[in-house]
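K.L.:
Protein chains in written order, with my numbering: chain A, 13 to 119; chain B, 30 to 198.
Take the hints with a grain of salt, since some may be wrong.
What the hints assert, rightly or not - Calculated pairs, DSSO-like style, for lysine-lysine (alpha carbon to alpha carbon, straight line, at most 27 Å):
(1) A:K82 to A:K30
(2) B:K88 to B:K130
(3) A:K82 to B:K87
(4) B:K130 to B:K115
(5) B:K115 to A:K30
(6) B:K69 to B:K130
(7) A:K60 to B:K184
(8) B:K69 to A:K30
(9) B:K88 to A:K82
(10) A:K82 to B:K115
(11) B:K184 to B:K115
(12) A:K60 to B:K130
(13) B:K69 to B:K184
(14) B:K130 to A:K82
(15) B:K184 to A:K52
(16) B:K88 to A:K30
(17) B:K130 to B:K87
Since the hints were made in silico from the structure, they are not lab data.
Each chain, written out:
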Amino acid sequence: MIVVNTETIPGFEIVEIKGLVQGNTVRAKHVGRDIAAGFKNLVGGELKGYTELLTESRREATSRMMFQAKQLGANAIVNVRFSTSAITSGASEMMSYGTAVLVRQAN
Amino acid sequence: METSANNDGLFVLAFYIGLTLVLLAAQWLIGGAIERRHLKILATRERMLDGFLVTSLKKPPAGTVSSSRPPMLVTGEAVISSDYFKNWLFGFIAFFGGESKTFTLLFERARREATLRMIDQARLAGYNAICNVRYESADIAGNAATNDGRTKPLKMASCTVSGTAYVQA
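This is chain B alone, in the form it adopts within the complex (with noise of 0.2 Å):
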């Protein structure tokens, strides 16, 4: 009797363990081919760019612009989240301390994303370069009101771009 009882308690222990493990190994699997996939199209895109000049300056330097069309404000945006095999390394970071590299590699991505998606807007537009970037984040989830242990937002990376397209002579 002792020794079912104990047999029942190794089988879930065993299941539990095993799930986790076959949820991270997918996670693992699935979210790097995402993420791989989406490095990917970042690199593409970013190299059909070429000439496309984009500064945090206030205003382009004097005599660059041409007069052919007035500034417009452009903007980009990207949400990008984490995946249970990132959260689950991360345990391991905020335990030892030091960087995150997924974490870091995760707000890259959105980064890049909305960067890429202001200048679409821009080119589309008729635009060639834009000046005065500026980056902003979103806290959508949370993260930094809900820290009491018992809620557990979702763990992600946004990153709102905007600036000023115009036309380079």
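One chain only, chain A, in its complex shape (with noise of 0.2 Å):
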């Protein structure tokens, strides 16, 4: 399955709109990695077990999002955008959302 964050595939083109698709998911780390934070948080720098929280939020809500895309018959997904948003200190929400589409190869 193609996906991308662009109106268009270069050298696609789209046949048929099945319309809109999503997948998100709420994650958190477990508590040893929020204690780890806090430490990090006295002396700076990145904050590793976070950073892959939002990588593993962000694999899982796309696969979802190409989960139901699959199930509309759709063989791409368009116009792909993320979105975030907190819920609680520790956890992260991540929404992906985009249009599915059918491509066939431009002749």
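Can you join these two chains into the complex? Each is in its own frame, and there are hints to help.
P.N.:
Now the structure itself:
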């Protein structure tokens, strides 16, 4: 499946628009990572645990979005956007959404 | 004398554990009922949409727009609260790490509700498609800022959505 954040896919033409698809997830790191982040807060630097959290969340949200697109019979998602929100400390919501389309190779 | 003091302590402990359990059970039942009802209403409203095209494309595909009506900005908002039981459940997730399915569902409810409100606005104005849909979230409770352990901000899922309604030919 082709997933892009541009409106069109170079070399392909959109045959049919299936509609909006999305995927979301709320994830947290175990308490050890939170404590480590607290210590890191004293000296500064990258919070690797939380970077990982965002990476995992993005992957999970994207794969759920792709699953939804597959169910609609699409073979590509265009105009993908990501959005995050806060619900409680130590957890993040990641949401991805895009337009599921049917594409074919342009001649 | 000593045994009676011990008994008092046990009684107070049992009282607090009992109260917590009663609160948890009540919130599990009430919160669950509210959630199931909301999901049912959402599913019904989504079924009635049939054929309403919603996309995140910046502009509608060429040649599909009818010029009978100028495009209009449509918006939708929803803020859904968590409950005592869900917050308690999240304590485990925060300790061991992993995905919080209950909070994921909370955000899903907020998003679906906001999307449906946006679509309703477009439909009432006589449109049959929406393009350029964008989702945003608002941190109303200040969850991102207040994590000092003393203040407990409310747990809620918020979602705002906007798009451009047009008439599909």
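K.L.:
Take the hints in turn and mark each one as holding or not.
P.N.:
Hints, verified against the model:
1. A:K82 to A:K30: Given pair K82 of chain A, K30 of chain A holds - Cα atoms ~10 Å apart, limit 27 Å.
2. B:K88 to B:K130: Violated - the C-alpha atoms of K130 of chain B and K88 of chain B are around 34 Å apart, more than 27 Å.
3. A:K82 to B:K87: holds, 22 Å
4. B:K130 to B:K115: holds, 10 Å
5. B:K115 to A:K30: violated, 35 Å
6. B:K69 to B:K130: It holds: about 18 Å lies between the C-alpha atoms, which stays within 27 Å.
7. A:K60 to B:K184: holds, 25 Å
8. B:K69 to A:K30: Distance ~24 Å between K69 of chain B and K30 of chain A Cα, so the pair holds.
9. B:K88 to A:K82: It holds: about 23 Å lies between the C-alpha atoms, which stays within 27 Å.
10. A:K82 to B:K115: violated, 31 Å
11. B:K184 to B:K115: Holds, at roughly 10 Å.
12. A:K60 to B:K130: Measuring from Cα to Cα gives roughly 23 Å; hence the hint holds.
13. B:K69 to B:K184: Distance ~23 Å between K69 of chain B and K184 of chain B Cα, so the pair holds.
14. B:K130 to A:K82: Given pair K130 of chain B, K82 of chain A holds - Cα atoms ~22 Å apart, limit 27 Å.
15. B:K184 to A:K52: holds, 26 Å
16. B:K88 to A:K30: holds, 15 Å
17. B:K130 to B:K87: At roughly 32 Å apart (the allowed maximum being 27 Å), K87 of chain B and K130 of chain B break the hint.
Checked against the numbered hints given earlier, this structure breaks hints 2, 5, 10, 17; the rest are met.
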